[in-house]
Structure formats: structure tokens, C-alpha cells
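> So the chains spell out like this:
2 protein chains.
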Amino acid sequence: MSEFQDIIDSVKFDDKGLVSAIAIDESNGNVLMLAYMNKESLQITFESKVMTYWSRSRQKLWIKGETSGNIQEVKKVQIDCDGDALLFMVKPKGLGAACHTGHYSCFFRELKNNKWESQGTPLFDPNEVYKK
Amino acid sequence: MSEFQDIIDSVKFDDKGLVSAIAIDESNGNVLMLAYMNKESLQITFESKVMTYWSRSRQKLWIKGETSGNIQEVKKVQIDCDGDALLFMVKPKGLGAACHTGHYSCFFRELKNNKWESQGTPLFDPNEVYKK
Chain A
1 MSEFQDIIDS VKFDDKGLVS AIAIDESNGN VLMLAYMNKE SLQITFESKV MTYWSRSRQK
61 LWIKGETSGN IQEVKKVQID CDGDALLFMV KPKGLGAACH TGHYSCFFRE LKNNKWESQG
121 TPLFDPNEVY KK
Chain B
1 MSEFQDIIDS VKFDDKGLVS AIAIDESNGN VLMLAYMNKE SLQITFESKV MTYWSRSRQK
61 LWIKGETSGN IQEVKKVQID CDGDALLFMV KPKGLGAACH TGHYSCFFRE LKNNKWESQG
121 TPLFDPNEVY KK
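Note that the protein sequences, when read in sequence, are chains A and B.
Mapping to my numbering: the first sequence position 63 is 63, numbers consecutive.
Mapping to my numbering: the second sequence position 83 is 83, numbers consecutive.
Chain A extracted, bound-state conformation (with noise of 0.2 Å):
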């Protein structure tokens, strides 16, 4: 039984089995992705300390950046009044990108004159990152 199973216990997961979790970049502040945890992934979050989410697209644990290098270390865990949502504060490796277009946050676009504008520059090419 995991030492983390009473805390695992205390989050609530939706009616899907997932919970929400922000990843933070622990140097700035700034938010880097939302995704979601199976309490399996929580479980493997927690014990590896690098960020493990669980992909509702591809319906399986998704290690952050196993392909592309750009892991998620984890630093610092809070959780929300509801116990519905989870805060990581991480410390991005590789070359830093959370997003799989290469962009350093997947909140890269900003609404300006009622249209998404993309900011800032990719830091890697996913053509050649995720080539086949």
C-alpha cells in the first residue's frame, strides 16, 4: 500500500475516475497546462515526483514529456477548498516546453480584437520532435 494512500483517499475524482491538475512553473508563477489524474497517475506523481497524467484522448498514463524530454519534476502539491482540483508546482526540464506545439505554456494564445493570437515562439519543433 502506497504511503500516500490516506491523501490519495482525500481527493475527490469526478464521476470519470479524474481530477484536475495545474502544473505551475515553480521560477515564475506562470501556468503551464491543465490536464487531468487517475488516481493511479496521483499515485505515480507522488512517488516518482515527476508529473504523470492521464491522457482522456489516448486513454492511458501519460508520462509529460517522455517523448519529447520536456518532464515535469514536481516540487509542491496544494489542492483546492473542494478537493477537486490540484496545484503542481513544477520545475520544467529538457528545453521547457509544456505544450506538444513546442510553445513553453499551452495557454499560449490570448484573446485580442475578439480572435486568438498566438504569443511568444515554440521552443521546439514538433515535426521533428515527434516524427515518426
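None of these hints come from the bench; they were simulated from the model.
Check the hints yourself; a few may be wrong.
For identical chains, the list gives no copy identity; a pair is met inside one copy or between any two copies.
Claimed, not checked - Here are the computed lysine to any residue pairs in the SDA-like style, where the Cα-Cα straight-line distance is at most 20 Å:
| id | residue 1 | residue 2 |
| --- | --- | --- |
| 1 | 93 | 73 |
| 2 | 39 | 4 |
| 3 | 115 | 11 |
| 4 | 12 | 125 |
| 5 | 16 | 74 |
| 6 | 16 | 84 |
| 7 | 60 | 27 |
| 8 | 76 | 2 |
Given the coordinates of chain A, work out where chain B should sit on it, guided by the hints.
Frame of chain A, contents of chain B only:
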């Protein structure tokens, strides 16, 4: 028809018609809360520039701070790569407490020694603010 219709249509709402909305204090980048919006609350938020969520527990529109006075004025909006999560940079009004417990942020509990420990002091007494 709302001037924001195209932008609202570009957002991916889930099978319950909701999108995740993260509120950030624009003055310091701190994460205040994670809640949800449906199309109607997103449109109201865009038009009023005041964060208006959809309360999943009460199943109704929820102007954040309508009771406590701690409303959140929208300053900037970002969307993630998948289009299914929104980030709002807000200016907290009133006492600046996002949480119904009176705390500045809903994420006021931190994992320490395998327990959730409350950090900081509430900015208001919920028994006073929400009294019947």
C-alpha cells in the same frame, strides 16, 4: 447575436457543456481558483468583464462574489492548445478573497508531511458573510 459568438464557438465544451476556467490574479500571477463555465456564463463573462461561472453544485449561473462582494474583473483571456481550458487574468475586488472559506485563493492547502496543511489566514469570516 453576441459579438463574441465566433470566439465562444471556438471553445470546446465537454459532454456536460462546460469548459474549465482558471482565474489568476493579474497583479501577481497567483492561481485563485478553478471553476467551470457553460456557453451562457462565458458570454456573460465576456460582455460584463466580470467572472461568471456555472455552479455545478447549484446548477445555476454564478457571478463570482455576488454575495461576498469579492467579484473578479476580467483583464485578459487565454486559451490552451486544445481549446478546452481558459485562463482569465482577473483583478479581485472587495477583500480580494476568491474562496468561500475566506481565503485569498481556493488552493490554500499544501501537502506537507503527507498531510494537507492550510496556509495563510482567511480574509473574511464566512459565517459573517454568508449568514442567512
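> The structure should be examined with respect to each hint, and the outcome stated for every one.
Checked hints:
Within a single copy, residue 93 and residue 73 get their C-alpha atoms as close as 7 Å, which meets the 20 Å cut-off; across copies the closest is 34 Å, which misses it. Taking the shortest alpha-carbon separations for residue 39 and residue 4, only the intra-copy value of 11 Å comes in at or below 20 Å, while the best inter-copy value is 38 Å. Taking identical chains as interchangeable, the C-alpha atoms of residue 115 and residue 11 lie at most 20 Å apart only when they sit on different chains, with a minimum of 12 Å there against 37 Å within one chain. Proximity of residue 12 and residue 125 under a CA criterion of 20 Å is satisfied in neither setting, with 37 Å inside one chain copy and 25 Å between copies.
With identical chains, the CA atoms of residue 16 and residue 74 are never at most 20 Å apart, being 24 Å at best within one copy and 31 Å at best between copies. For the homomeric pair residue 16 and residue 84, the shortest alpha-carbon distances inside one copy (12 Å) and between copies (17 Å) are both at most 20 Å. Taking identical chains as interchangeable, the C-alpha atoms of residue 60 and residue 27 are never at most 20 Å apart, the minima being 29 Å within one chain and 38 Å between chains. In this assembly of identical chains, the alpha carbons of residue 76 and residue 2 lie at most 20 Å apart only when taken from the same copy (19 Å versus 41 Å across copies).
In summary, the numbered hints that this structure violates are 4, 5 and 7.
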